[in-house]
Amino acid sequence: MELLGTRDVYGEVLLELGRKNRNIVALDADLSGSTMTKLFAKEFPERFFNIGVAEQDMTGTAAGLALAGKIPFVSSFAIFASGRAWEQVRQAIAYPRLNVKIVASHGGICVGEDGASHQTVEDLGLMRIIPNMTVIVPADGVEMRSIMQTAVETAGPFFIRTSRMKFPVIYSNGASFRIGKGDVVREGKDLTVIALGLMVSEAKAAAEVLARKGISARVVNMSCLKPIDRELIAGCARETGAVVTAEEHSVIGGLGSAVAEILSETYPVPVRMVGVKDRFGTSGTAPELLDYYGLTSRDIVSAAEEVLARKG
Amino acid sequence: MDYEGLRETAREMRINILRMIHCAKSGHTGGSLSAADLMTALYFHVMEHRPGEPEWPGRDRFVLSKGHAAPALYSALAMRGYFDAKELMTLRRLNSRLQGHPDMLRTRGVNASSGSLGQGLSIANGMAMGLRLDGNEAAVFVMLGDGENQEGQVWEAAMTAAHFRLGKVLAIVDNNGLQIDGAVKDVMGIEPLAQKWDSFGWDVETVDGHDFGRIIPALLRVRKKGLHDRPSVVIARTIKGKGASVFEGKAKYHGVAPSDQELEAALQELGEV
Chain A
950 MELLGTRDVY GEVLLELGRK NRNIVALDAD LSGSTMTKLF AKEFPERFFN IGVAEQDMTG
1010 TAAGLALAGK IPFVSSFAIF ASGRAWEQVR QAIAYPRLNV KIVASHGGIC VGEDGASHQT
1070 VEDLGLMRII PNMTVIVPAD GVEMRSIMQT AVETAGPFFI RTSRMKFPVI YSNGASFRIG
1130 KGDVVREGKD LTVIALGLMV SEAKAAAEVL ARKGISARVV NMSCLKPIDR ELIAGCARET
1190 GAVVTAEEHS VIGGLGSAVA EILSETYPVP VRMVGVKDRF GTSGTAPELL DYYGLTSRDI
1250 VSAAEEVLAR KG
Chain B
2 MDYEGLRETA REMRINILRM IHCAKSGHTG GSLSAADLMT ALYFHVMEHR PGEPEWPGRD
62 RFVLSKGHAA PALYSALAMR GYFDAKELMT LRRLNSRLQG HPDMLRTRGV NASSGSLGQG
122 LSIANGMAMG LRLDGNEAAV FVMLGDGENQ EGQVWEAAMT AAHFRLGKVL AIVDNNGLQI
182 DGAVKDVMGI EPLAQKWDSF GWDVETVDGH DFGRIIPALL RVRKKGLHDR PSVVIARTIK
242 GKGASVFEGK AKYHGVAPSD QELEAALQEL GEV
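In order, the protein sequences belong to chains A and B.
When you read off a place in the first sequence, starting at 1, and then add 949, the result is the number in this note's numbering.
When you read off a place in the second sequence, starting at 1, and then add 1, the result is the number in this note's numbering.
Pulled out of the complex, with its shape left as it was, chain A reads as follows (with noise of 0.2 angstroms):
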């Protein structure tokens, strides 16, 4: 299996916008060796700066940058650019609608060793709840190409999640990413698995697991968490009438709450959330934490046997 790193397209993809556009420019506090704006960086050093450990300072000055015409790209781990500068993101970025693309790496628990300080759970709910943000997770490495496409031809904020481990590629053909659509990566009737970033490669996995216990689970990628498409989420649960959700994050105000959030209001059907449930947290290596929080096909494939149940 083919893995690729977001971080690692976003370095190499702003690297060649870079090369395009001349008002593509990035900021990052002191983490560009690892948020991979190191790259830009060496060829732009004149469009690239480091702001120190101030991400409040760096949130702002992009938007000054962004008010000078500038398309800012501003990094760092995703815990201190949504929850650190959130009332900065909010204020100076979101409210007044400035072209400014957060991409924030080590997203979610896979982050490791560094444990609960440096992991994130909360980012996407931080970023979701703001009005004016477009908030996104690839769900591979090709994916993310296209998402960083999208980025830069569409004016306006938003919140890019990348991780440090590396995903498997699901996209090998190629990925067109469209703001406001989920896409259905695999067909099913059963019931749905809604998923973003690296579950969704485990909900293809667990489709598997379940197309072998004669179930048939359709698998759909909503790598745009906001704005999310509602009516494909909406047309999943009328056409499978059970719904999954998968995510790297709380079942707190991310993707599980979305959905529950449109199908409450739409098409209620039992619905199961495999998320962090509600914890800081911990460290370990990456594949044992998505064991240990639960984040795995197999938590998936149990998930998917409960909501059948109930299902009736």
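If you are wondering where the hints come from, they were derived from the structure by calculation, not from laboratory data.
This one's a predicted model, so the numbers in the text were calculated from it and none came from an experiment.
Nothing false has been slipped in among the hints.
Now the stretches of chain B that chain A is said to cover, found in silico as 3 or more residues with beta-carbon under 8 angstroms: (1) 104–114; (2) 124–135; (3) 159–168.
We put the CB at the ideal spot given by N, CA and C, even for glycine.
Assemble chain B onto chain A, guided by the hints.
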């Protein structure tokens, strides 16, 4: 405009400020009045800008980091013709373009939304970085409150401007000595303020913020700065509520609108009745 003209303009601005806050029945009287002379100097003498072409690329930028002084900014913009002065009386009303704190998407001539303290200097720095990349020599002015210097982000941004040598950034501290809860020195002391900015790598000048003879040369110093120079800060000693003795030097008028009687007394003092 000569100093006499500026004084008359500032007088008219104070009248506008008092009338619009009185009409809105809420707003920040004290900090708008303390900033009125500084705002007059910026919009009627120092800044290069075109009211008929608000997005003119060559314009100097202004960020009102102490966004609660919005009535002073709105008055300056209306008096320069960015929009009809009659609109000032819609301040803070539902569907008004004049929000309680500046909103760049709604108000013609506002260069940056603000209101949450501590953020404007970062925004000004970003503007200066972007303009410099384009070889644009426009100045970026940003006005902070003195209480606002309690925000940590101000000092992050102070480091950034000095580190990147943003010579076209000029910060103004409206140093009226008061904040909502009382005297700045009692709430959370910020002194020695000039030494703090100096030690962060800024050129510091302290002036009487109500004396155009001191304000104007201090603000114009930014013109002599190169694109890669030390940033400048002008600490303007001001009086909160300046121009209307009923409000002068009183913390309680930080966020309180004038009553009918207070308005009348103030207008009389300003020679308007």
